[in-house]
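Student: Here's the letter readout for the chains.
Number of protein chains: 2
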Amino acid sequence: MSAITAPLVASLVGLLFVVFLVIEVLRKSPGNELMDRLSRAVQTGARAFLKREYSTVAVVVAVVALAIALAPLLAGNPNLPLGWRTSVAFIIGAVVSAIAGYVGMSIATRANSRTTQAAVDGGVRGALGVAVSAGAVMGMSVASLALLGLVAVYWIFREPAIVNGYAMGASLVALFARTGGGLFTKGADMAADLVGKVEANIPEDDPRNPAVIADNVGDNVGDVAGLGADLLESYVESIIASMALAVALLGFGHVAAERLVQLPLFIASAGIIASILGILFVKAVGRRNPQAALMGGTYVAAVLTAVASWFIIRNLGTSFTFGEKTYSVMGPFYATVAGIASGVIVGFVSEFFTSGKYRPVRNLAESSQMGPAITVTSGTAVGMASTAVPVVVIGFAVVIAHHFSGMYGVAMAAFGMLATTGMVVAVDSYGPVADNAGGIAEMAKLDPSVRKITDNLDAVGNTTAAIGKGFAIGSAAFAAIGLLTAYMVSAGIKHADIADPKVMAGLLVGGMLPFYFSSMLFGAVSKVAFKMIDEVRRQFREIPGLLKGEVMPDSATCVDISTRGAIAGMLGPGVLAILVPVAVGFYDPKALAGLLVGAVVTGVVLGIQMANSGGAMDNAKKYIEDGNFGGKGSEAHKASVVGDTVGDPLKDTVGPSINILIKLMSVIALVLAPLFVK
Amino acid sequence: MSAITAPLVASLVGLLFVVFLVIEVLRKSPGNELMDRLSRAVQTGARAFLKREYSTVAVVVAVVALAIALAPLLAGNPNLPLGWRTSVAFIIGAVVSAIAGYVGMSIATRANSRTTQAAVDGGVRGALGVAVSAGAVMGMSVASLALLGLVAVYWIFREPAIVNGYAMGASLVALFARTGGGLFTKGADMAADLVGKVEANIPEDDPRNPAVIADNVGDNVGDVAGLGADLLESYVESIIASMALAVALLGFGHVAAERLVQLPLFIASAGIIASILGILFVKAVGRRNPQAALMGGTYVAAVLTAVASWFIIRNLGTSFTFGEKTYSVMGPFYATVAGIASGVIVGFVSEFFTSGKYRPVRNLAESSQMGPAITVTSGTAVGMASTAVPVVVIGFAVVIAHHFSGMYGVAMAAFGMLATTGMVVAVDSYGPVADNAGGIAEMAKLDPSVRKITDNLDAVGNTTAAIGKGFAIGSAAFAAIGLLTAYMVSAGIKHADIADPKVMAGLLVGGMLPFYFSSMLFGAVSKVAFKMIDEVRRQFREIPGLLKGEVMPDSATCVDISTRGAIAGMLGPGVLAILVPVAVGFYDPKALAGLLVGAVVTGVVLGIQMANSGGAMDNAKKYIEDGNFGGKGSEAHKASVVGDTVGDPLKDTVGPSINILIKLMSVIALVLAPLFVK
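These protein sequences, in sequence, are chains A and B.
The first sequence begins at 101 in our numbering and counts up one residue at a time.
The second sequence begins at 101 in our numbering and counts up one residue at a time.
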């Protein structure tokens, strides 16, 4: 099979599998009338948000597409490798990401009450089946659609430089999906927790709480659609980075370059098939031990992909020479393995620092006895401490991957982690479905045993998700490094010395950007939460009988507040991420190189810190709720709720968005590099 | 006058001025018996801490000194420019810093009750006089002793490479003084606030609170001795960086290099005389408007120094050629001005983001109504937003200074901000003295009008201190950049390309270090606070009559807890800061260059964020206490107290220590560079 037909076939098989899963999920019973009504409220809210989000993003996409199409004209240079073809690729990338998000989210929001009902009917086994299938719809949509779109663009234009536009489109949508979804979900979550748990003293997911439906909608638009778009971007970009580097370093049309460009397409095809097998493994084995099934499925997919890539690289790879160094045929394979290994280590470290099973979270829970201030300080410290090993491991992996295969190897290391994106996203999206199912069990006042099943499934997902998080962060770092190297070659930069004052200034400013970007998102999420808190307090105060459970709250207003706040809040950071690299690129291409590196450096560290601080504070709260240090209702618990609320936007809004910021800026630089050459 | 006699005379004049100020302060009345007793308790605690701190640091200094002395032997290369001479210079640097800290702190702790008494006797005017004189003792000790030691080492060894050891000694002591002092003060402060204000509902500085004396001791060992050592280091390092760069780039013995080496010595001499005049200006004008007096004195000193350096550079400077570029005689002057201007801007931005007069703090205070979680999130956001302008300004200043005078200009930009260190430290140290005076007024139950005077003086100091903070951060960035450039030349690194995988790995790991370092300090400060909270709770519970004010608390135990915690907590971060650059340097000198740059990038941004997040949360609390959003006792106030407590270690323990981390690592790299050359 050729480098076109293989991914074409694989992605079509993937999509067929999606259809099969969709039918399977929709055939399940959505539960009793109340459960169905709750599920529909979530569906309506999520659809309304996605519609508003996509309409807004469409405007931005249109403006950027126009700018790309007209760039050669505006620059007065018709030979620039930009123009309408890149513009079309860019639009296709954006559309593919939007479709994947929509499909995944539609099924996830339909699977929630079905998972609850399956737990009633079939226990753990039944519920796991539905939740995993729903997650797999998102996962396989992401991988299959991304690869299909990519191969289409590659096949239409036959030029890797054009394909970069495709990555940029996916990246832009990902940024808005992540920030918008994150703002939506955490604004609602923070308000629901603060007013509900702390002030009104009602439990989580209580139907009396007006913000609970918004919170459940948020789980879907943030953790399903947002996460899907995020990993779709990473997936596409790691492939693109490999292709771009092969071409940039060896030259377009070079025989070895041709082969290196095609390698990731073959491996991606294998990855899709392996992911399908991994998901089937989970569904087959998951009856007894869900934890082992999810981990097993992830490993099955990863090992199968690794074996397949060994054969692919051995047969289709080539030795090649960059600069003065010649790399062996199997070099890219070792680089890929270095990437996968570092991703697994990063994941395990995340697990260690954020799970209630280990010391960091237990100490954090203990420190909650000293009040909220010490909780937050200690939670920040846990996240900061957790950056050491991952960053050193990523640093070493860069050196190792480079040793075996040059900069192409660094990009392949990223791709190694992401070849099984279908599986990774499936496991990640499974969590919010189980979480939502628990919420519906609570709101529909089902037997507590049902909630226990869904809680168990939710908890199981967290561990596996930690590895997914490790892959997301690690691959973002590698992909960004790969992309910026490709940018430097494209912009004709021979040396970007750290002692060059413009590079240094770029490094400083780039290092600042993730902080400033974060401040915008924090501001926006606080604003959403602020308005939501006001509204929830108002409803408790003004709706008679609400707190007694006699009437239902006005959930739609809360959903609307989150929607408006998220749309308003996502624009500023998005525009910043687009304009800054463009402005700095025109000022000086070397300064832009410095800026990209600076952003990667602080972005990776800050991203890990935020993810793990948030995770640790979340699980410290859960650890206390399990009856430690006074349990629910104690002063320690109250402090830990404050910590969890501080951690929420860290881990689900700001942290994951930083990943996208650094990748988006790198891919913009790469696409626009020809404009910056002096 | 020669480059030896001028600084010799200036620093001796400075020390004479110190003697004059000491006599002036000690001749004032220490107040009534209770005030004197409280002051003595603070003195005893501070002395005990400093003794323990210095004994511990002495061991580290001895080990490092031995290693430096034996390095040529161990490396089997007797020609290495290390050995006993560098070792002696290193010890002198450490001793000078220790002496300056001891002198300044001794007078500051004696000035507290004297300031209170002066407020009773002479109102604002009298109190200002004593507090400013006490602060000036610290300021002029720092500048004079630092310059005296520097010129002594330069005169003894006549070789700039040896003088680098002097900077390393000062830097090492500064790290321990800052971290130790910061841990001491904030551990006590957090506990005093949490148990006193939040739990027992007694006011700040209440004599019943067992942690109050420790808190007051902390102000002195942290904000006086710690800050003094910090700025002494910056001052020495900015001079050293200029000297080292002149020699590294032009070659030792080169005529132009000789002149460039001497320029900062002359300007420093002028700076000392200008600082004396600035302090006299404050004392002469301060009767009416303390705010205007302090600002005026700072400007007088800065303008006089600028004018003097114009004449010095015009007459003693030289045009010179680095690489292919020739710089004019006046180039270093323009670079210096760029540095000063950027320091002023950074200071003003800090002021904007942290003062209750402007929107950020007022909005933050408003958001406190939504509870502690939103307060902390918004406070973090304010600090992150505040990084944008300073970092861009510093980036531009690097480009401008480099344009006028190459890398030598970047170092001179740092020095420009620090030439008036005497004045800057005087103003900074004045604050804690006024703060302590207020504490004593409260504890001695003096008329509230006295407390009002000292509070006013304290508040005035904060604005002026913001500019000092801007200088500290900006100069740290410039000095670190200057030092690392000097390191690269000394280590024989021609190019350190950001696309080189080892440089990239170094950048990543370096970028992580300030985070990991911070986590160690956060952990340590939480531990101190943890123990202190336990102890304060115990005393309230077990000492009968304490809360009724019938008996005095056991303050000595609290001081001891802070002391032990601070000493135990400062070792880990210190050893990290020493060992990492050494280990990475031996692995690969280019990776070390990347590491230093990475640390500067995140260090500068994180340092600014922490300082301003902490400052903003502190002043949001004060703004609420002034009667806004419900005033004292409201829910908003309680939330703001949590925010303040989270902000305390950010602004006074961790943030300032990061500055030292990046400078210490750079100077270690510079001193040891000859060992790393392959």
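Quick caveat, the hints were computed from the structure, so don't treat them as lab data.
Don't take every hint at face value.
Any copy, or any two copies together, can satisfy a pair, since identical chains are not distinguished.
Calculated cross-link-like contacts (lysine-lysine; reagent style DSS-like; alpha-carbon spacing at most 30 Å) [as the list claims (entries may be wrong)]:
#, residue 1, residue 2
1, Lys545, Lys627
2, Lys457, Lys631
3, Lys297, Lys627
4, Lys457, Lys627
5, Lys594, Lys425
6, Lys552, Lys425
7, Lys722, Lys631
8, Lys722, Lys297
9, Lys631, Lys151
10, Lys648, Lys383
11, Lys297, Lys648
12, Lys594, Lys545
13, Lys151, Lys648
14, Lys732, Lys627
15, Lys627, Lys722
16, Lys631, Lys732
Student: Now look at each hint and say whether the structure bears it out.
Tutor: Here is how each hint holds up against the structure:
| no. | hint | result |
| --- | --- | --- |
| 1 | Lys545 with Lys627 | neither (32 Å within a copy, 43 Å between copies) |
| 2 | Lys457 with Lys631 | between (36 Å within a copy, 25 Å between copies) |
| 3 | Lys297 with Lys627 | both (20 Å within a copy, 29 Å between copies) |
| 4 | Lys457 with Lys627 | between (35 Å within a copy, 22 Å between copies) |
| 5 | Lys594 with Lys425 | both (17 Å within a copy, 20 Å between copies) |
| 6 | Lys552 with Lys425 | neither (58 Å within a copy, 73 Å between copies) |
| 7 | Lys722 with Lys631 | both (27 Å within a copy, 25 Å between copies) |
| 8 | Lys722 with Lys297 | both (14 Å within a copy, 29 Å between copies) |
| 9 | Lys631 with Lys151 | within (22 Å within a copy, 53 Å between copies) |
| 10 | Lys648 with Lys383 | neither (42 Å within a copy, 67 Å between copies) |
| 11 | Lys297 with Lys648 | within (15 Å within a copy, 36 Å between copies) |
| 12 | Lys594 with Lys545 | neither (66 Å within a copy, 71 Å between copies) |
| 13 | Lys151 with Lys648 | neither (35 Å within a copy, 63 Å between copies) |
| 14 | Lys732 with Lys627 | both (29 Å within a copy, 24 Å between copies) |
| 15 | Lys627 with Lys722 | both (26 Å within a copy, 23 Å between copies) |
| 16 | Lys631 with Lys732 | both (27 Å within a copy, 24 Å between copies) |
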